[in-house]
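Novice: Quick note, the sequences are listed as chains A and B, same order. Everything in the first sequence is counted per the UniProt record's numbering, starting at 1 for the first residue and increasing by one. Everything in the second sequence is counted per the UniProt record's numbering, starting at 1 for the first residue and increasing by one.
Think of the hints as simulated: they come from the structure by calculation, not from any bench. Incorrect hints may have been included.
With a Cα cut of at most 25 Å, we get these calculated DSS-like pairs of lysine-lysine [stated by the list, open to error]:
#1 A/Lys74 x B/Lys185
#2 B/Lys185 x B/Lys139
#3 A/Lys50 x B/Lys173
#4 A/Lys19 x B/Lys173
#5 A/Lys235 x A/Lys198
#6 A/Lys57 x B/Lys19
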Amino acid sequence: MYENIEGKNQIKYLLAMDKETLLYQYFSNQLTSEEQEAFDELLKNDREFKEQYDFEKNLQKVIQEEKSTELKEKLQLFESEIKDEKVVQLEPESRFSVYRKWMVAASIALLIGLGYLGYNNFSGPNYNQLYEDNFQNYPNTVFEISRGESVESIERNAFSQYELDNYAEAITNFEKIPLADRNDYIDFYMGMSYLNLKQYDKAQEFLQKAAESETQLKAEAYWYLAMVALKTKDKQKALQWLEILVDMYDYKKERAQELIDALN
Amino acid sequence: MENELVEISLEQLRKGADKDLKKIYEDNKFKFVNFARRYQLPEDDIIDFYQDAYIIFYNNVMSGKLEHLSSSISTYLISIGKHLIFDRMRKNKKSVSEKFDLSRVGDTDEQISSFELEAPDLSHEQRLLQQHFKSLGEKCQQLLTLFYYRGLTIQEIMEAENYNSENVVKAAKSRCMKTLKEKIKSNTY
Chain A
1 MYENIEGKNQ IKYLLAMDKE TLLYQYFSNQ LTSEEQEAFD ELLKNDREFK
51 EQYDFEKNLQ KVIQEEKSTE LKEKLQLFES EIKDEKVVQL EPESRFSVYR
101 KWMVAASIAL LIGLGYLGYN NFSGPNYNQL YEDNFQNYPN TVFEISRGES
151 VESIERNAFS QYELDNYAEA ITNFEKIPLA DRNDYIDFYM GMSYLNLKQY
201 DKAQEFLQKA AESETQLKAE AYWYLAMVAL KTKDKQKALQ WLEILVDMYD
251 YKKERAQELI DALN
Chain B
1 MENELVEISL EQLRKGADKD LKKIYEDNKF KFVNFARRYQ LPEDDIIDFY
51 QDAYIIFYNN VMSGKLEHLS SSISTYLISI GKHLIFDRMR KNKKSVSEKF
101 DLSRVGDTDE QISSFELEAP DLSHEQRLLQ QHFKSLGEKC QQLLTLFYYR
151 GLTIQEIMEA ENYNSENVVK AAKSRCMKTL KEKIKSNTY
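Excised from the complex, chain A in its bound form:
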């Protein structure tokens, strides 16, 4: 009898305890069994408390989902790396010699590049600077990478590689999508992947396709075509794309106008 009253008083005391503290104890797994009782009591009877609890519980779920998605992407990457490693092991020697050839080619290119840089800095608009100031990668806005879809897994892979900045793998996956099944935004993202890989001819080819298609990303395609033109120092083309953009679309309109002025 006495103990019972004692117990009730205990709960009353705990109820008076800071509700915030109770929630904190709950989420850091520190509730004692008495506190747990008080906690359950509040959940039942205190609407405000319940709302706050729901909010924090939702947040917990959201973060957990976020972490799970991140990890899933990593695991898919591991999986494809494991497959790639197997392929690579088959022909280590030829890879090495290819690598050496590239090294030689790269050093020659670097020498030429350095000489050119010295020359280029004193003439005309600074294309590289304009590019650096204006280029920002375009995020994946079309494909939601969520778990457990197997039908669209190639496309999902492509976009998760794209989001991880693995553009070569992204392209490999985009290319695996049968032509008939390709969504109209694929050309745009192929172009963006090549642009990020600094393969400007290819980038232009795909972005131009995107610009001429019916995709929602047409305006974006023109903008990035202009970026390619800046990178390849093609003033005429840069102006051409930017003018189309300014005339027909709202996307990046002001930036585009500023660029036109800078180029002229």
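Got chain A sorted already, so can you dock chain B onto it with the hints?
Specialist: This is chain B only, laid out in the frame that chain A set:
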């Protein structure tokens, strides 16, 4: 001796370095795939189940629900995988033949009985919350993650993130929560 080795890798998993995550992934894959083949699933599905089991295992390690391994990681992964595979079969209303005796699942898989086994499926409201959460600054996201995902105490967070005092952590947390609530109210991100 072997137990010690296992213990180390759990600690490493918690730190979450990619190379350790990958090593655990590679080391246990073969066993899992071998186990799952008996259910005659397509190879891609098996990999998918393996990854989902891995994620659930990882989440339970991270949230402190699993503090010490009482058997090898592959045993945990297989137990979780079995749960996922059966769950899918039940949902697809595929008859589970006597080959896969469900009544026997319970006693073999005691070690995962306290696990959170559901992959969270977000409601519309939670999706919105997720957008807002992702629009928070890096520091807020990290802090809230340590708190709600890892279940760390204020003191542990202070030590892990080099905050000056517990009060600083508390203040930072309530600022983050306030920002988050404001974002929800104004619905901008």
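Novice: Take the hints in turn and mark each one as holding or not.
Specialist: Hints, one by one, checked against the model:
no.: 1; hint: A/Lys74 x B/Lys185; result: violated (34 Å)
no.: 2; hint: B/Lys185 x B/Lys139; result: holds (21 Å)
no.: 3; hint: A/Lys50 x B/Lys173; result: holds (20 Å)
no.: 4; hint: A/Lys19 x B/Lys173; result: holds (16 Å)
no.: 5; hint: A/Lys235 x A/Lys198; result: holds (18 Å)
no.: 6; hint: A/Lys57 x B/Lys19; result: violated (32 Å)
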